[in-house]
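Participant: Protein chains in written order, with our numbering: chain G, 96 to 428; chain P, 96 to 428; chain H, -8 to 203; chain X, -8 to 203.
Accuracy of the hints is not assured; some may be wrong.
[As the list claims (entries may be wrong)] Heads up, incomplete: computed chain H residues facing chain G, CB under 7 angstroms, no partners named:
| hint | residue |
| --- | --- |
| 1 | E31 |
| 2 | N32 |
| 3 | R112 |
| 4 | R167 |
| 5 | R170 |
| 6 | Y173 |
| 7 | L174 |
These are computed hints drawn from the structure, not numbers from a lab. All residues carry an ideal CB built from backbone N, CA and C; glycine is no exception.
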Amino acid sequence: MKKLINDARAVVDETLGGLAAAHSDILSVSFEPRYVARRGAPIAGKVALVSGGGSGHEPLHVGFVGRGMLDAAVPGAIFASPTPDLVFAATRAVDGGAGVLYLVKNYTGDVLNFETAADFAAGAGIRVESVLINDDVAVEDSSFTAGRRGIAGAVLVEKIAGAAAERGDDLDSVAAIARRVNASMRSMGVGLRAGVVPYSGEPSFTLDDEHIEFGIGIHGEPGRAVIPLEPADAIVDRLVTAITGDLPFVAGDRVLLLVNGLGGTPLSELYIVFRRAAQSLVERGLAVTRSLVGSFATSLEMQGVSITLLRLDDELLELWDAPVHTAALRWGC
Amino acid sequence: MKKLINDARAVVDETLGGLAAAHSDILSVSFEPRYVARRGAPIAGKVALVSGGGSGHEPLHVGFVGRGMLDAAVPGAIFASPTPDLVFAATRAVDGGAGVLYLVKNYTGDVLNFETAADFAAGAGIRVESVLINDDVAVEDSSFTAGRRGIAGAVLVEKIAGAAAERGDDLDSVAAIARRVNASMRSMGVGLRAGVVPYSGEPSFTLDDEHIEFGIGIHGEPGRAVIPLEPADAIVDRLVTAITGDLPFVAGDRVLLLVNGLGGTPLSELYIVFRRAAQSLVERGLAVTRSLVGSFATSLEMQGVSITLLRLDDELLELWDAPVHTAALRWGC
Amino acid sequence: MSLDATWVVDWMRESARVLAENRAELGALDREIGDGDHGENMDRGFAAVLAGLETISADASPGGVLQKVAMTLISTIGGAAGPLYGTGLLKASDAAGTETQLDGASIVALLRAVRDGIVLRGKAEVGEKTMVDAWTPAVDAASAAESAGESPGGILRAAAEAASAGAEATEPLIARKGRASYLGERAIGHRDPGAQSTALLLQAAADAARNA
Amino acid sequence: MSLDATWVVDWMRESARVLAENRAELGALDREIGDGDHGENMDRGFAAVLAGLETISADASPGGVLQKVAMTLISTIGGAAGPLYGTGLLKASDAAGTETQLDGASIVALLRAVRDGIVLRGKAEVGEKTMVDAWTPAVDAASAAESAGESPGGILRAAAEAASAGAEATEPLIARKGRASYLGERAIGHRDPGAQSTALLLQAAADAARNA
Ligand SMILES: Nc1ncnc2c1ncn2[C@@H]1O[C@H](COP(=O)(O)OP(=O)(O)O)[C@@H](O)[C@H]1O
Ligand SMILES: Nc1ncnc2c1ncn2[C@@H]1O[C@H](COP(=O)(O)OP(=O)(O)O)[C@@H](O)[C@H]1O
Ligand SMILES: [Mg+2]
Ligand SMILES: [Mg+2]
Ligand SMILES: [Mg+2]
Ligand SMILES: [Mg+2]
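Okay, chain G solo, but in the shape it has when bound:
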């Protein structure tokens, strides 16, 4: 295992130490209990957004704390959901009296831990709403599974719901917007090479040089199938077909296209993927109205990419374009 780390068990705290040092204008880090809060929080009268989940997906979620996005992020251990006491501590720290919205990626651990935190919050008289994020079409959403996973689409929910909270929407409205974003988006990814989990020193999966995991999860969970490595365009076409067919997206739709690197993929490859994805959407009659390219929801240094498509309407577009100032996403200010 070759990593720029000191101690496998200190990775999360030291990452947060760097985050705090680099972005003291945006956020502050509490180490004990561990959470990241927007500078200036709580903001009286504003709905507070709290997200979190296992670490190892940076910048998700800690890099999205700040104006126009999250009020707090609660990073668990690597790939392990944070515990309820931490989520509750963050909730108390950022609640501005207008209630708190939990944005929870659909994993059993996250769901259960945020559920318990919401119980704690209710006990403390804080109103909490929760929105589940489950954009990954790789996994069948049926009674035979734990349901669809939440992956890179989380970034879009956080941005847009964050803008709604910033403009002063109330808790129910912000929650409704978050649910609308989640319902209007679909994602799917491929993995070429696994990231190495620091505490085990082992890759989270293994693949030979000729195969990729089609439908990879952001913890290295398997997807639909192991398939032969193909040219990028062919892989992108498979992903786009799976994604557009699912909602479904139809000709005339305005969409936001997010091409997300999984941590170890160079930007040039993300643009090669973006190029074909945009082409293929245009061929389907969709209008690529907004674009985002970069590594936002990662899996350590995994090599691979995910594609997310969000159907836009005028309101979502306006909220997307609203100013945001976080460590990993910034515009308009």
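Following the hints, put chains P, H and X with the ligands in place on chain G, whose structure we already have.
Facilitator: This is chains P, H and X with the ligands only, laid out in the frame that chain G set:
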């Protein structure tokens, strides 16, 4: 070789295709002759900034084309400097009558090709100034070498000189600012694992699991020595010692600290590096006044990191904070 | 014969020991069909439990110790296993109430309460390839042993054996809950990590009651 | 005996062939002490030259062909090698002027002009582990062969042999110019890729003059 590409020889063009599709609000791409120009260029009366070099370092330089930074970037083949005719074509496309500044990383190939382009431009009546970027302290600057290499510090030169051009400085002034930035900054990096050059399918160097290249170049060129892998903090201390000792940076200096990933390093590791670098600068009495963390000057999917330190004065600080809107760096607008 | 708070403390100490010992193995199982953190999660949680036992008061009841352990697990394991084991042990604490001595029937009730708590939170049924597939046969075996007049130690040994067999029996299953459910047929042939940690925990419970 | 434009054309065709053939080998040499692109750069440049030869006019002079080749190389190789070889061949084109037949003395002048052009742009001296270490002995050997009354073919064979020996002789050197200069002692034992491509180019020149 596992990459999300179609054809090794099409990597640069297809990357630019994606860039153009994702950022049509910022830039436009000319494929034949190949260069990337700021949307709206030429801007009458504004000094135009042109940079370029081999590809494989994305987002450098193409991701820095836009308001407040470069007017054009000229990407060569992977790791190969662009040819003079392309630099000249870009020069003509963005010259707004106030002259053109070439920002050239100090590699024999880049120097020679930009030199020839400047001759062409002179022949066409366009005034060109060139500034060499050579921030890498890994390499001795002596008559026994080709001189110091230009690495991630290029991003700082482009940002600050770009802001000077944007506020209306004339060619000599912008060139002087660019030279001042270059003279006030130092960088150095380490490589853990090489990127794989698409056309050869081979890693650009090989290291066993226990060693790193101390002083790596962004083409995988060797640095000072192959040393054993150490905890991140120890590696950072070595880099900071080499960098601060060189200018030298002294107690009381205000500095900008850039921690730059080389392409395949996860963001969490960059923050772990930033944490220690900032600590160690504070211990030396320096004031870390501005921060930048991310993968900006890369070497394909190389695992590793470089640290750049820039000594700030009031003017450089103001120019750094000025609005910028490019694919890879954006604030203030 | 009966067990007291000392047994609960010994059980937790022994659990911490075996989970540390099996950290890599549980991690490897979870890497196959999950995200690889189960060993790390359990070890982190029980290391915290171990530290907390230092400050347990001498007159704590079994239920009191279990409550403290449950709270510690909930706030240190994270992931899916944290709330599941935490809720389970919280329910066990409720079941033990203020009793200071646990007889055979109380032991069975305690184990059943753990299982029911886990099912309450996780909604998994038997056969869905989760820790429930170790807990349910364990509860059944414990109940049968108690009916057959076994001592508390005997009851726990029966539970441990059944949990171990239950964990092994998850191997041919397709998962319907948790992360492994995404694998479909590809889960076949792999043991569920949570069922395996349950088997370790119940073996620890039996070992702590070695002389009972 | 003398060589005409056909020889230049044949030289370039043969160069394109051997550079394509040696693309991987040059790349591997450059990977050792540079950035690995020299094979790719040379192959790209000479493939473009080859394509350009299709449209060369039948009455072109050797100098005319060389000028077109030089411009193509400058606009297609990039890197350090592009301007160096490009400038070298441009100077060779100047040296050949409008002559249609190149005798021995002209051939030597042509080779010397290439070398001088490269030195003008790159400022490398002999012994600094660059392509100059192949060109300079080649020019010296060509000059000696010409003095000894050798035919143009003989002169080029002498140059090719000396270039090849010169390339080999870069192996023990420490580099002072170009990317390899960063390596210090670590460059020792590796052949300079540019010197090796020069050896290939001069062998191609000799092969193209096989019957002269
Ligand atoms: N719904 C559920 N009901 C019961 N047990 C579950 C459920 N979901 C997951 N588990 C158990 O949790 C274990 C995984 O725990 P762990 O790896 O710590 O959490 P995570 O899956 O969040 O990484 C599984 O092996 C399984 O036994
Ligand atoms: N200053 C110089 N003078 C002469 N030759 C040089 C000089 N610098 C580099 N070279 C030659 O160029 C070769 C490298 O060419 P190439 O790999 O195509 O370019 P780059 O180094 O830009 O990647 C070296 O092997 C060396 O022979
Ligand atoms: Mg987990
Ligand atoms: Mg090169
Ligand atoms: Mg797990
Ligand atoms: Mg090279």
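Participant: All the hints need checking, so say for each whether the structure fits it.
Facilitator: Hints, verified against the model:
1. E31: holds, 5 angstroms
2. N32: Interface hint status for N32 of chain H: holds (5 angstroms vs cutoff 7 angstroms).
3. R112: Given a least distance of 6 angstroms, the restraint on R112 of chain H holds.
4. R167: OK, holds: R167 of chain H within 7 angstroms of chain G, min 5 angstroms.
5. R170: Holds, because the Cβ-Cβ distance from R170 of chain H to chain G comes to roughly 6 angstroms (cut-off 7 angstroms).
6. Y173: holds, 5 angstroms
7. L174: Because about 5 angstroms separates L174 of chain H from the closest Cβ in chain G, which is inside the 7 angstroms limit, the hint holds.
Checked against the numbered hints given earlier, this structure breaks none of them.
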